[in-house]
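Asker: Mapping to the working numbering: the sequence shown position 133 is 133, numbers consecutive.
Heads up, some of the hints might be wrong.
[Said to hold, decoys possible] SDA-like cross-link-like pairs, simulated, lysine to any residue; straight-line CA separation at most 25 Å:
{"id": "1", "residue 1": "K3", "residue 2": "I116"}
{"id": "2", "residue 1": "K4", "residue 2": "K147"}
{"id": "3", "residue 1": "K147", "residue 2": "S118"}
{"id": "4", "residue 1": "K3", "residue 2": "N92"}
Bear in mind the hints are in silico, worked out from the structure with no lab data behind them.
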Amino acid sequence: MNKKQVTILGLVGAAALAYAFFGGYQPFAQTSPPQETVQNASSSQHFVIKRSVGIQGSTTKSINHPSNSPSTSTVPYSIVYVQLSDPDGVSNFEVNLNPGDDLCANLVEAKAEGKIRSLLIDDSYLATFGSRYVREINGYSNNWTVKVNETRPEGCSLYKPKAGDYIEWKFGQ
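Generate coordinates for the entire structure from the input sequences, incorporating the hints supplied.
Answerer: If you want it as structure tokens, here you go:
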């Protein structure tokens with residue numbers, strides 16, 4: 001990475017920390033928020049997203065797994081759901097979604113939040129394909145694919161996820 005990229009990455013990290021410490025999240029009551037249901041077609045996961053209208057907003061999600069009962073928790077509205085599949089196994093986690101983030105920047109956020117151990121994003125394909133390239137995640141290199149809500153975007157720099165998106169990163173497929 002060059003100095004400009006390191007500086008930008010540092011500023012993004014500082015902004016995320018500042019938001020986490022000072023932005024805050026304060027839930028508020030509403031009688032019946034609108035509801036959106038997202039079904040992952042290839043698995044039994046089922047997300048129910050309830051949105052409240054207000055300055056900060058809130059989301060309640062229910063995730064149904066075949067082996068356990070639904071769980072409900074209140075989380076900040078600006079998150080995405082990530083599934084990472086590599087030779088070590090499959091991990092599922094939530095990542096904060098910062099305004100303007102593309103899929104590459106969202107991976108940088110996941111690393112900053114401690115959800116992934118290592119990350120290397122390559123800019124060498126930017127001029128040719130118009131997108132950055134995810135070279136390595138958690139020590140596994142050069143064979144990552146991504147789907148967002150079961151659709152493959154053209155590149156990690158070319159898609160800006162929306163709150164509630166389900167992002168699947170797979171190694172070797």
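Asker: Are there hints from earlier that the structure breaks, and if so, what are their numbers?
Answerer: Hints 2 and 4 are the ones this structure does not satisfy, whereas the remaining hints hold.
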